[in-house]
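J.: All chains should be modelled from the sequences, with the hints used to inform the complete structure.
One letter stands for each residue in the lines below.
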Amino acid sequence: MSSKYDVLVIGGGNAALCAAISARRGGASVLVLEGAPKFYRGGNTRHTRNMRCAHDAATEILTGPYTEQEFWEDLLRVTGGQTDEVLARHMIRESKDILNWIVEQGVRWQPSLGGTLSLGRTNSFFLGGGRAMLNALYLTAERLGVDIEYDAEVADLVIEDGMFLAARLKRPIKGEIEIRATSLVAAAGGFEANIEWLKQYWGEAADNFLIRGTPYNRGSILKMLLDKGVQEVGDPTQCHAVAIDARAPKFDGGIITRHDSVVFGIVVNKNSQRFYDEGEDIWPKRYAIWGRLVAAQPDQIAYIIFDSTVVTSFMPTLFPPIAGQTIAELAGKLGLDPAALEKTITEFNAAVRPGTFDHTILDDCVTEGITPPKTHWARKIETPPYLAYPVRPGITFTYLGTRVNKESRILMADGKPSANMFAAGEIMAGNVLGKGYAAGIGMTIGSVFGRIAGREAARYAKN
Amino acid sequence: MHGTRILDEADRLMTVCNSCRYCEGLCAVFPAMEMRRAFSDGDLNYLANLCHSCGACYVDCQFSPPHEFNVNVPQTLAIARAESYAAYAWPRALSGVFARNGLVISVVAALSMAAFILGFAALNDRSVLLGVHTGPGAFYKLMPHNTMAALFGAAFLYAILALVMSVRTFWRDIGTPIGGRADGSSIFQAIRDAGELRYLHGGGVGCYNEDDKPTDRRKLYHHLTFYGFLLCFAATSVATLYHYLLGREAPYPWWDLPVVLGTLGGIGLVIGPIGLFIAKSRRASELLDEKRYGMDVGFIAMLFLTGLTGMLLLLLRETAAMGPLLALHLGAVFALFITMPYGKFVHGIYRFAALVRYAQERKTGA
Numbered sequence: 001m002s003s004k005y006d007v008l009v010i011g012g013g014n015a016a017l018c019a020a021i022s023a024r025r026g027g028a029s030v031l032v033l034e035g036a037p038k039f040y041r042g043g044n045t046r047h048t049r050n051m052r053c054a055h056d057a058a059t060e061i062l063t064g065p066y067t068e069q070e071f072w073e074d075l076l077r078v079t080g081g082q083t084d085e086v087l088a089r090h091m092i093r094e095s096k097d098i099l100n101w102i103v104e105q106g107v108r109w110q111p112s113l114g115g116t117l118s119l120g121r122t123n124s125f126f127l128g129g130g131r132a133m134l135n136a137l138y139l140t141a142e143r144l145g146v147d148i149e150y151d152a153e154v155a156d157l158v159i160e161d162g163m164f165l166a167a168r169l170k171r172p173i174k175g176e177i178e179i180r181a182t183s184l185v186a187a188a189g190g191f192e193a194n195i196e197w198l199k200q201y202w203g204e205a206a207d208n209f210l211i212r213g214t215p216y217n218r219g220s221i222l223k224m225l226l227d228k229g230v231q232e233v234g235d236p237t238q239c240h241a242v243a244i245d246a247r248a249p250k251f252d253g254g255i256i257t258r259h260d261s262v263v264f265g266i267v268v269n270k271n272s273q274r275f276y277d278e279g280e281d282i283w284p285k286r287y288a289i290w291g292r293l294v295a296a297q298p299d300q301i302a303y304i305i306f307d308s309t310v311v312t313s314f315m316p317t318l319f320p321p322i323a324g325q326t327i328a329e330l331a332g333k334l335g336l337d338p339a340a341l342e343k344t345i346t347e348f349n350a351a352v353r354p355g356t357f358d359h360t361i362l363d364d365c366v367t368e369g370i371t372p373p374k375t376h377w378a379r380k381i382e383t384p385p386y387l388a389y390p391v392r393p394g395i396t397f398t399y400l401g402t403r404v405n406k407e408s409r410i411l412m413a414d415g416k417p418s419a420n421m422f423a424a425g426e427i428m429a430g431n432v433l434g435k436g437y438a439a440g441i442g443m444t445i446g447s448v449f450g451r452i453a454g455r456e457a458a459r460y461a462k463n
Numbered sequence: 464m465h466g467t468r469i470l471d472e473a474d475r476l477m478t479v480c481n482s483c484r485y486c487e488g489l490c491a492v493f494p495a496m497e498m499r500r501a502f503s504d505g506d507l508n509y510l511a512n513l514c515h516s517c518g519a520c521y522v523d524c525q526f527s528p529p530h531e532f533n534v535n536v537p538q539t540l541a542i543a544r545a546e547s548y549a550a551y552a553w554p555r556a557l558s559g560v561f562a563r564n565g566l567v568i569s570v571v572a573a574l575s576m577a578a579f580i581l582g583f584a585a586l587n588d589r590s591v592l593l594g595v596h597t598g599p600g601a602f603y604k605l606m607p608h609n610t611m612a613a614l615f616g617a618a619f620l621y622a623i624l625a626l627v628m629s630v631r632t633f634w635r636d637i638g639t640p641i642g643g644r645a646d647g648s649s650i651f652q653a654i655r656d657a658g659e660l661r662y663l664h665g666g667g668v669g670c671y672n673e674d675d676k677p678t679d680r681r682k683l684y685h686h687l688t689f690y691g692f693l694l695c696f697a698a699t700s701v702a703t704l705y706h707y708l709l710g711r712e713a714p715y716p717w718w719d720l721p722v723v724l725g726t727l728g729g730i731g732l733v734i735g736p737i738g739l740f741i742a743k744s745r746r747a748s749e750l751l752d753e754k755r756y757g758m759d760v761g762f763i764a765m766l767f768l769t770g771l772t773g774m775l776l777l778l779l780r781e782t783a784a785m786g787p788l789l790a791l792h793l794g795a796v797f798a799l800f801i802t803m804p805y806g807k808f809v810h811g812i813y814r815f816a817a818l819v820r821y822a823q824e825r826k827t828g829a
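Residue numbers (our numbering), protein chains in the order written: chain G, 1 to 463; chain X, 464 to 829.
Just so you know, these hints were derived from the structure itself, not from any lab. These figures come from a predicted structure and were not determined experimentally. Any given hint might turn out to be false.
[As the list claims (entries may be wrong)] To give an idea of the chain G side of the interface with chain X (calculated C-beta under 7 Å), a few residues:
1. Lys-38
2. Gln-110
3. Ser-112
4. Leu-113
5. Gly-114
6. Ala-132
7. Arg-247
8. Lys-250
9. Tyr-276
10. Leu-318
11. Ile-322
12. Thr-383
13. Pro-384
Cβ atoms here follow ideal geometry from the backbone N, Cα and C, with glycine treated the same way.
T.: Structure follows, in structure tokens:
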């Protein structure tokens with residue numbers, strides 16, 4: 001590591017590595033500062049498994065075309081229109097080429113994984129998962145001559161009049177060092193692991209959130225940038241959050257703590273009350289709303305309740321379901337009021353109308369006369385043993401970020417683009433994602449804007 | 464709960480992996496796992512023997528150590544695999560041989576070679592033992608052909624019997640539906656998968672051995688060793704046919720089929736085991752079943768000794784060294800044969816059976 005580079009990349013995930021590789025290929029000298037130790041490198045990328053890219057025809061691993069227009073419509077729907085159309089359409093257009101570009105960087109695709117058939121047309125899966133993808137990018141970056149430092153915690157950024165000058169790096173033994181670079185790519189993610197920061201918006205409820213990624217996603221770079229006059233984008237309470245098993249570790253439980261069983265049963269809160277239509281839509285389109293729904297319940301806890309008839313209908317789970325021969329026994333094990341849970345389930349069962357169950361389509365199994373209704377896949381819960389998973393909000397990443405333009409260039413509070421600061425990945429995801437989520441889009445944001453940011457940062461540095 | 468701690472751990476890991484499935488494109492283990500929601504002892508022994516130890520799932524896993532989920536599939540399955548060799552050994556009384564396998568193999572090899580040397584010395588005149596013999600029947604001046612054929616035939620038949628009995632137990636244990644037989648196309652598929660080591664390639668990028676870079680060369684060295692072994696076996700078989708059908712006695716000239724096959728095979732059997740041994744000694748400790756180091760190295764050493772003594776015999780067969788070298792070579796081969804059912808050799812047999820089972824499962828879904 002020297003103390004002067006063309007391009008400094010802060011962060012170590014998909015966006016950071018795509019930026020580093022693209023800058024290096026553009027002829028720049030590049031240093032990557034990853035705040036985590038080597039094993040935990042890559043932020044949330046280590047837990048990902050696929051990327052959503054537009055393509056006009058089926059490929060070896062994708063079952064059919066997914067046009068730019070269809071991608072745009074999906075994005076429009078999940079965000080409820082809260083997206084920057086120019087940026088989003090630009091990203092979607094660029095995503096087409098990413099399918100090939102990322103392979104040139106050593107990443108390998110595979111057909112969609114078992115249990116994810118509904119994504120087989122739209123999403124390309126990484127062979128071996130996100131950590132395999134990261135390993136490939138790191139190998140390529142190292143081979144190209146990118147310098148990489150782990151455990152590299154940035155203490156401060158020196159920015160003057162929207163111009164990046166240097167970063168101060170904390171080193172455990174040798175003390176602080178100043179690293180100068182001609183341009184900066186900030187790709188250090190959101191602040192989801194910073195519980196204190198989350199509390200500013202969520203209050204004490206944030207103590208009950210589980211963080212799906214590593215404890216290193218603290219948003220310190222985001223905070224420094226926002227404090228130094230960079231324009232903010234996005235609602236600070238918006239994030240990707242799913243319902244994950246309440247028994248999961250506080251950090252880094254990753255994907256395996258999630259639950260896909262919501263549509264097969266009912267979900268109650270700690271008062272044994274249902275609070276949302278469990279059968280609103282096909283699960284992959286709805287799984288990412290349940291984190292916020294549970295976050296809004298008392299004590300941020302809920303229970304997915306189902307019976308023994310559906311136990312093999314969803315993917316096997318890391319934690320086994322909690323079981324009871326009667327509803328009352330199950331309630332006792334969950335710490336719920338048995339009478340209240342029995343009442344909720346009795347009323348639910350009485351409201352279930354006959355229908356033909358098919359979880360792959362919006363079937364006609366509905367409830368009548370209860371609020372909220374269950375509008376598909378409603379079946380009586382009546383065959384013991386009765387089973388439950390306790391769930392809590394699992395925060396994947398936050399959407400508050402730095403505003404950027406099509407060149408991935410950071411905009412300052414006055415609206416002017418910074419001369420030499422760029423941002424990519426979750427740190428700027430809020431430009432595209434005002435709210436909501438569509439599977440694999442975080443990786444699209446990372447790769448597309450990472451590649452652009454690296455290219456532009458190198459271009460600036462070489463001129 | 465399972466019978467052993469390692470099977471409990473394998474069960475825990477398969478539960479973690481089955482809720483993740485990121486590795487399903489890497490090899491056969493994970494697709495086979497996905498066909499199950501719960502794992503019997505037989506299922507776990509099946510998965511353990513299906514694993515080729517390419518190491519990719521360890522390097523690719525977001526939950527491998529130091530993560531608290533502590534997912535180390537290659538090492539856990541390596542230990543389970545080694546324990547399965549002991550569990551299925553026939554006769555049961557000899558399963559303990561796997562516990563101190565390196566020691567047992569060395570002692571058997573040493574005794575075997577010593578027995579041939581002493582036997583040659585005791586039964587032959589000194590001038591015969593250290594004499595120069597050439598022309599057809601030269602070897603049989605030291606040991607009559609029929610004695611040699613009977614001794615090695617018996618050792619070989621015993622090895623076959625013990626292996627068949629062992630693999631039958633394994634097959635029953637892993638095979639559902641009960642009593643399921645292997646069909647031709649599944650066997651053919653398994654021959655192809657084993658022949659090309661299809662699952663020793665990290666899903667396409669290569670295997671991992673000493674670090675997190677896919678630079679491992681074990682596949683090449685295994686091919687050299689395995690095909691070297693097969694060529695040597697073919698050389699012996701052709702020579703036996705020559706002897707009994709054509710009445711032509713060894714040694715044969717260098718251009719004759721048994722010698723050509725044996726030379727090519729011998730080169731593989733010398734280079735391959737050296738490569739495998741170097742790879743084994745460099746293997747990252749987190750991937751290695753350290754308790755079974757002796758078993759692994761013992762088998763590698765036996766193959767190497769067989770290849771080396773055979774090649775030396777070929778080179779020096781027209782000198783006075785022929786007698787002692789023949790004793791060493793026959794001693795090594797004899798020890799290799801009789802320890803086959805009780806050493807690392809069995810990995811190939813169980814893995815092949817697991818590949819047959821896998822081909823069957825993929826075809827029928829059961």
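J.: Each hint: holds or not?
T.: The hints, checked one at a time:
1. The interface hint given for G/Lys-38 is violated, since its Cβ lies 9 Å from the closest Cβ of chain X, which is over the 7 Å cut-off.
2. Among the interface hints, the one on G/Gln-110 holds; its C-beta lies about 4 Å from the nearest C-beta in chain X, closer than the 7 Å criterion.
3. Of the supplied interface hints, the one on G/Ser-112 is violated, with its beta-carbon coming no nearer than about 10 Å to a beta-carbon of chain X, more than 7 Å.
4. The interface hint given for G/Leu-113 is met, as the beta carbon of that residue sits about 5 Å from the closest beta carbon of chain X, less than 7 Å.
5. Residue-level restraint check for G/Gly-114 holds (minimum Cβ-Cβ distance to chain X is 5 Å; threshold 7 Å).
6. Given the 7 Å rule on beta carbons, the hint for G/Ala-132 holds: about 4 Å separates it from the nearest Cβ of chain X.
7. The beta carbon of G/Arg-247 is not positioned within 7 Å of any beta carbon in chain X (closest approach about 13 Å), and the interface hint is therefore violated.
8. Taking 7 Å as the C-beta cut-off, the interface hint given for G/Lys-250 is violated, the closest approach to chain X being about 10 Å.
9. For G/Tyr-276, the shortest C-beta to C-beta distance to chain X is roughly 24 Å, which exceeds 7 Å, and the interface hint is violated.
10. Using the Cβ-Cβ criterion of 7 Å, the hint placing G/Leu-318 at the interface with chain X is satisfied: the shortest such distance is roughly 4 Å.
11. Taken as an interface hint, G/Ile-322 does not check out: its beta carbon lies about 16 Å from the nearest beta carbon of chain X, beyond 7 Å.
12. Proximity of G/Thr-383 to chain X is violated relative to the hint, the smallest CB-CB distance being about 18 Å (cut-off 7 Å).
13. Contact between G/Pro-384 and chain X, as hinted, is not supported at the beta carbon level, the nearest pair being about 19 Å apart and thus beyond 7 Å.
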